[in-house]
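Student: If you're matching them up, the sequences are chains A and B in order.
For the first sequence, this note's numbering assigns the number 1 to the initial residue and increments by one for each residue that follows.
For the second sequence, this note's numbering assigns the number 1 to the initial residue and increments by one for each residue that follows.
Since the hints were made in silico from the structure, they are not lab data.
Fair warning: there could be bad hints in the mix.
Given that identical chains are not distinguished, each listed pair holds provided it fits within a single copy or across any two copies.
[To be verified] Restricting the straight-line Cα-Cα distance to at most 30 angstroms, the calculated cross-link-like pairs of lysine-lysine (DSSO-like) are:
1. LYS178 x LYS197
2. LYS264 x LYS2
3. LYS143 x LYS264
4. LYS359 x LYS292
5. LYS2 x LYS143
6. LYS11 x LYS143
7. LYS60 x LYS415
8. LYS436 x LYS60
9. LYS71 x LYS60
10. LYS11 x LYS264
11. LYS2 x LYS315
12. LYS436 x LYS87
13. LYS436 x LYS107
14. LYS71 x LYS436
15. LYS436 x LYS108
16. LYS417 x LYS375
There are 2 protein chains.
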Amino acid sequence: MKPSTISELLKQDFTLQEVDIKGWVRTFRANRFIALNDGSSLQNIQCVVDFENTDENILKRITTGAAVHIKGELAESQGKGQSVEIKVSSIEILGDSDPETYPIQPKKHSFEFLRENAHLRTRTSTFSAVMRLRSALSYAIHKYFNENGFFYVHTPIITGSDAEGAGEMFRVTNLDAKNPPLTEDGNVNFAEDFFGKETNLTVSGQLEAETYAMSLGKVYTFGPTFRAENSNTSRHLSEFWMIEPEVAFMDLAGNMDLAEDFMKSVINYVLENNFEDLEFLDQRLQDEDKKKPQAERSELTLIEKLRFVVDNNFKRVSYTEAIDILRNSKPNKKKKFKYIINEWGADLQSEHERFLVEKHFKCPVILFDYPANIKAFYMRLNEDGKTVRAMDILFPGIGEIVGGAQREERLEVLKQKMAVLGLDEEELWWYLDLRKYGSAVHSGFGLGFERLVMFATGMSNIRDVIPFPRTPQNAEF
Amino acid sequence: MKPSTISELLKQDFTLQEVDIKGWVRTFRANRFIALNDGSSLQNIQCVVDFENTDENILKRITTGAAVHIKGELAESQGKGQSVEIKVSSIEILGDSDPETYPIQPKKHSFEFLRENAHLRTRTSTFSAVMRLRSALSYAIHKYFNENGFFYVHTPIITGSDAEGAGEMFRVTNLDAKNPPLTEDGNVNFAEDFFGKETNLTVSGQLEAETYAMSLGKVYTFGPTFRAENSNTSRHLSEFWMIEPEVAFMDLAGNMDLAEDFMKSVINYVLENNFEDLEFLDQRLQDEDKKKPQAERSELTLIEKLRFVVDNNFKRVSYTEAIDILRNSKPNKKKKFKYIINEWGADLQSEHERFLVEKHFKCPVILFDYPANIKAFYMRLNEDGKTVRAMDILFPGIGEIVGGAQREERLEVLKQKMAVLGLDEEELWWYLDLRKYGSAVHSGFGLGFERLVMFATGMSNIRDVIPFPRTPQNAEF
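Chain A with its partners taken away, still in its complex shape:
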């Protein structure tokens, strides 16, 4: 079959053939050289126009952003940095692009500006590389789970439960916004709402995924989740995608094995399949780094960071051990940490996590057996009565990337924990049923997909790794 995309065309190892290709003009210089891109690859292909024999009105319309249809002959390139080029025999303008108003000029734009033009930003090399990587990582995730006997479960987005407890929720409603129906005692009558009760957007699919693990064995979710927190930071989104595997008969040690194997596998996938895009982003970061003072530069390049994860065993360290290490560490003693670690029970911050990974162990770290009172109600209580079988995976540059746990499988212990937190047994009747009928040890973890994309692309603002970010005050597009 004839290649129809630039990606296909550049994979060919023969030249001198007729080609027929469509794409968008990135640049046009010397009235002669079109850098053409069609999104299939980071690479542009150079198209050489015979300007002496081309209508001047056509030449004028070859502007940045214009869509063109080019026919010609593939030839070895005379220029640097490319092996082949197209000698154009015919060019048709499919769609013009007014160079006076087209937002994506052939120059460096700020990421803030490009966010305001999120509908066009994938026409830049950086964002097309990021979004191709996002797609490849998604595929790597589905592929990993499929090859390892997991079933994909679509847990519900609209939930009637407010017991998930992972954060503030958005209400989903179609009651009249101004004059909602009221009950006799003057409260909003949610019984008249669409679902007959108050409903929200999910913050996690885990509890529902557990029901499927306890019947199908190995399952995972990969879907959108929501937080209505007013966090305007470079690490938070109101809408983001999450991956949550859940496995019956698996304990915390198995959970750690799974998470390590999984993370290595998906990162290895992009190293093997998307190296060109990674190299480009790596170079971009190195160029950025050169502008910074020495002290702020990264110790590892992007690709080194990815290899750091793939090539190292993840060090498994109990929370208690980690606290000892941190308490006795230089930055703690010299008060270089923003949050000084004084005693067991403290919640770790990103600075502590990064210290453990980057300075102390020099490898990815899995912390486990956290204090019960800083973790969720459904985590398996240890025999010590004060820690739970939770684990967090810590990565360089980013800190926590995965959080997981063995789940509390004992009905009475779970009920006690719910009672302490004031969670309603009636509402979670189905979750409790799993502990009544054929309960067993089971475990799982959650990975915020955008955190993974940030790690794999080196992008530092989470708004730049999702197509159309939703954040407080912003739901454009």
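Chain A is fixed; fit chain B onto it per the hints.
Tutor: Relative to the frame of chain A, chain B by itself:
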């Protein structure tokens, strides 16, 4: 590696080895034979208990639904219908299941009852088969697109746009439900809502997907979409998953080629990879059919229906031709159709679509070039000024399964159509930008994922092909 699931174990071609396996008891008969299932496969494995040497208290706890850990030796089976069985050397009860209260008894339950126990229904053969197939179809979709150079795009779930026009929307808010803030003129002040304006749950990712097609070339979405319509039918959900590919430089003919190849590929995937589950569901349907009067029985079995799609070319027929065929058809003349087709311009119903597929052409059908006024504003107007380059794919037993179109790429024509419908140009500025800067022919289609799962599993109620269905008055679990 030692097999740890029943699926892995049954793939082994040797016997007489030590096995160590965990699962749930489906049945226990004659104080001796456990049918054990772990969800990895439709198959149970028979575990033979040496009851004379097993503690009576343990034997009593081997009840339907109990989780057990079994060690033993794999041996050729003496029984019918299975090649291997496990001679149990040790059995441990991991989690009891009270036979008096466990909802999933070893008998036939109605689907209505099982819907009320959706957290346990995948412990039945039918629902575990359906959900394994749902997972396999998801994977087949990602695999197809990945292998064909498409990038996966996560379009936003929360949208500030109400111009998608595909149906009623749910509002997403965190304003006070009872006393929302008001503007000076007494309306709800959505400027104070989380996103600074009124927001809803998306009904389609197509418009956003178009922005990515017009930069990355070939893209697809696969995510949840929502309809706030009060439709309590066996074909409608308030929350469902949709697949929407979108391709730059592709016209309607290319769109039909893509859709046909795609549908054949994903159905072929489950025929090749999930035949056991398909056979089980096929048999189930045949058994159901036998209870019906002759006239209501299916002409094709489930597997025959799937092969009908894979083995036949999809017949391409213009809407105008189809109307002629229908107008002159026997059921139309004899008034057997519920909706009689009298003239060009009529919207086709499922009965007409099925007639074309099942009676007239006897193959899947693609109808194209529909009247403009029964289709969406963004579809490409034909030169006749009255039809648009839309296409619907019709399948046996179900009617329309895919709907797609070439998109209107001409700025002025699009603006005129929006004006007629009263759609705000300001709101869709980014969508119009695609027609201002490097516009080109492009096309795509939408596939309701649950429709595909219904078709591939033969399930007749859409609530039975999604884990936790959301419908009017119901958001349980």
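Student: Does each hint hold? Answer for all of them.
Tutor: Now for the hints, and whether the structure bears them out:
no.: 1; hint: LYS178 x LYS197; verdict: both (18 angstroms within a copy, 15 angstroms between copies)
no.: 2; hint: LYS264 x LYS2; verdict: between (36 angstroms within a copy, 23 angstroms between copies)
no.: 3; hint: LYS143 x LYS264; verdict: both (13 angstroms within a copy, 21 angstroms between copies)
no.: 4; hint: LYS359 x LYS292; verdict: within (21 angstroms within a copy, 72 angstroms between copies)
no.: 5; hint: LYS2 x LYS143; verdict: both (29 angstroms within a copy, 22 angstroms between copies)
no.: 6; hint: LYS11 x LYS143; verdict: both (24 angstroms within a copy, 21 angstroms between copies)
no.: 7; hint: LYS60 x LYS415; verdict: between (74 angstroms within a copy, 26 angstroms between copies)
no.: 8; hint: LYS436 x LYS60; verdict: between (75 angstroms within a copy, 17 angstroms between copies)
no.: 9; hint: LYS71 x LYS60; verdict: within (18 angstroms within a copy, 78 angstroms between copies)
no.: 10; hint: LYS11 x LYS264; verdict: both (27 angstroms within a copy, 27 angstroms between copies)
no.: 11; hint: LYS2 x LYS315; verdict: between (50 angstroms within a copy, 26 angstroms between copies)
no.: 12; hint: LYS436 x LYS87; verdict: between (72 angstroms within a copy, 28 angstroms between copies)
no.: 13; hint: LYS436 x LYS107; verdict: between (63 angstroms within a copy, 20 angstroms between copies)
no.: 14; hint: LYS71 x LYS436; verdict: between (68 angstroms within a copy, 24 angstroms between copies)
no.: 15; hint: LYS436 x LYS108; verdict: between (60 angstroms within a copy, 22 angstroms between copies)
no.: 16; hint: LYS417 x LYS375; verdict: within (12 angstroms within a copy, 54 angstroms between copies)
The structure shown violates none of the earlier numbered hints.
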